[in-house]
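S.K.: Chain by chain, the residues run as shown.
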Amino acid sequence: MTNERKFGTAEAVYLTTLVIASKAFYTSIRVMIKITGTAAWYMTIVSCLTSIIFFLLISLVMKRFPGKNLVEIFELVTGRFFGKILTLVFSAYFVYYAGSSLREFLEMIKAYNLPYTPPSLIIFAFMAVVVVLAYIGLEGMVRFASVIFYPVLIGIALILFLAYPYYNVRAIFPIGGYGIAETLKSGFFRSSAYDEVIILAFIINSIDGVKKFRKVGVLSLFISGIVFTSNCLCNIMAFDYTMSSENVSDLFQLARVIYFSRFFQRIESIFLFIWILASLITVGLAFYIAISSFCKAFKISNHRPLILQFAFLTFMVTLLPEGLIQLAKTNIVVLREYSMILVYGIPVLILFISVIFGKRGDSKCLKSVK
Amino acid sequence: MFKVSKVIVLLITFVYILTGCTTDSKNIDDQAYAIMVGIDKGVDNKIRLTVQFPTYKGGGNGSSSGGGGGNSDEKEHGLVDGTVVVSIECATVLEGINLLNTSTSRHISLVHCKAMIFSEQLAQEGINFYLSDFARFRETRRIANIGVCRGKAEEYIMENKTLIGDNIFKSIELSFSQSKNSGLFPMMGFTNFYKSTISPYSQAYSIYMGINNFKNLQNSDKEKNPPLKTHENYYPGDVPKKGNLKQEMIGTAIFNGDKLVGTLNAEETRYFLMVVNEFRHGILTIEDKRHPGMAIPFDLRPGRKPDIKVSFDKSTPIIDVNLNIEADIVGIQSGMHYESTDRIKELSDLLKDTIEGGVSKTIKRVQKQMGTDIFGFGYYAASKFITINDLEKYNWLSHFIDAKINVSVRTNIRRTGLVAETVPVRYRNRTAK
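In order, the protein sequence lines correspond to chains S and C.
The opening position of the first sequence corresponds to residue 1 in UniProt numbering, with each subsequent residue numbered one higher.
The opening position of the second sequence corresponds to residue 1 in UniProt numbering, with each subsequent residue numbered one higher.
The following block holds chain S by itself, in its conformation from the complex:
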């Protein structure tokens, strides 16, 4: 992978945070509030903490095999055959992730902005940029994320802040939502919403050591947690738990109700701008990781010849759901509620296997790790 050169801690944090937190633009907030009601804002903190715990466990695997990425660790622990299969599972998952995220973007942009534009045109235009991002490679994406990180974050903060006249703090009661058991259960499984942090394990060689890997992961999860929590809280305060669980995109609805005077209203253009940028990074990185892990599994040095083939696969996944309802009931549920079983489960299983069988990385590499 010629373009997987090293980049700084901050840049890695920008990239991972954008990928995780971009879900705030989509249906995630609505679903969280639908499931846990007024408890959604702290349910997502539970998810964030669960993710941090899982991530720290994964970092133990990375520590045992210094200088190795997750694909190489799979092969070292389970052997070449099973290692390849595990890598291909992840590669397929990221294709599915990229396709489903793109479809979610498509459904939302059709609902709110471009109802009559042919879906294929939107997918084509979006995929064209994703392909270019993948062609440029990881380094290009990281630089792009660095440029758009602050505009995206400031844009979200601006929407949340400007909607304050609609906030009623008392709407966060009853504080228990639909019950503590439901909150904890959902909090645990919804940690899937943060599991994109696993991407770091695939590009660990660009991050310069396990210590930085851990720092980047925890920081990204922490910032994403703040984004999700504040979004849930603001939407519950603005729309109550009832209306919040109706809206397709709560953040977009929030942007649409901002009104200060005749001259300061209708600022949803801010939303559109940051939403598209964040979505490009999300789909782009997932798409790239899918190709990248495939290449790593089969020791292919250049990922570029595979871009079009993977673009076709992603395009196919995008077309799988029949509409928004099916997308929300299957694809999004898989991604946001159950994917943690795969994404966190496999690396943690690898950790147990490596501990039980006493498998470790090369001692020479170990010394280089602080």
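If you are wondering where the hints come from, they were derived from the structure by calculation, not from laboratory data.
Some clues are possibly wrong.
[What the hints assert, rightly or not] Stretches of chain S that chain C covers, calculated by requiring three or more beta carbons in the stretch to come under 8 angstroms of a beta carbon on chain C:
id : stretch
1  : 108-118
2  : 164-178
3  : 229-243
4  : 248-257
For every residue, glycine included, the Cβ atom is placed at its ideal position computed from N, Cα and C.
Fit chain C to the supplied structure of chain S, relying on the hints for placement.
M.R.: Chain C only, in chain S's frame:
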């Protein structure tokens, strides 16, 4: 050769993308932006939809284009003060707009619609059918005002003109914001209204509006000595006035779910707005107890946010409402020196009694006659429940009618306008020879 093929591929790609984009591209000039939408009960179909949009003649922003439907031809075309007012019978709002597009040269868009007006008759039957259409429709302006019209919405929109300035959009938007200056009608956007219809915490209310035919202004009668009436018990159309616009926004329409169950007059609306912390400022006139027949007007504003507490005695809610209102004296008709410390206290107590009585009566009327928690006391009660299931099982909206409500008002007269001490008018006590 390779470069030429690349250029051809790029050109084909751009042609594909650019032609595809035309399906959703909308030229601003290709649309007619609805100013107001009115919904009445239909005769031949479910509803009668009335839409007002500008003609773009004489300024391009809905400005007047030579009169307000003066001649019969203009009346026939529904021309009103630089706008077109068109009515249609249809099954749903969006279908109606779709049908209207068949006789309009531009696509009628709701993206800048300032208000949605429902007739009183329709509102009594329930308006959720139409609200849910608006809630789902992409074009609906989520901050459009919601109003209930005394009489027909169609007639109200026919009177929707601008007398000050040319821009009708600006005129309407400013007229809604008069709520903050008068405190005699609420502002209610679509989002908050819709939220209240599905909320377990509180129920919906909206602006109450109507047409004033200028028939309430009595002819002058020199023989009669007019009494002092300080109570503003006006509903839309009742204000004794002549001139200016015929349309009036005054009072509050109260809903149970999506059904209109009652209305508040101007004065009750002011007290209601004080409780929900939507009262910004307004003039309240009180009769001078020392000089009956003389008035003392006060400019009121909230001193603090209302302090509301909800507790439970077994399952009966007990609600304590504490208001803090500040006032400036803006007139003393009697000319009495009320500005001394003890007399200010006297005035303050008078003001307190008036407001306390008004707020208590308003809350009681809403609670006992309409049984609707438009005050949002349910938000305060919600903190006493642990889970949403508990709250929904208790059903606050049904228990509100049994609540014991205590009202306490603290008033503070801060300033006396530009006069620090009233000097009485002097009369000569000798008649001229």
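S.K.: Now look at each hint and say whether the structure bears it out.
M.R.: Results for each hint:
Against chain C, the stretch 108-118 of chain S contributes 8 residues with a C-beta closer than 8 angstroms to a partner C-beta. That satisfies the three-residue criterion, and the hint holds. With a cut-off of 8 angstroms between beta carbons, the stretch 164-178 of chain S has 10 residues touching chain C; three or more are needed, and the interface restraint holds. Coverage of the stretch 229-243 of chain S by chain C holds [criterion: at least 3 residues with CB-CB distance below 8 angstroms; count 5]. For the stretch 248-257 of chain S, the assignment as covered by chain C holds, since 3 residues bring a beta-carbon within under 8 angstroms of that chain's beta-carbons and 3 suffice.
Consistency with the previously given hints is maintained throughout, with no hint failing.
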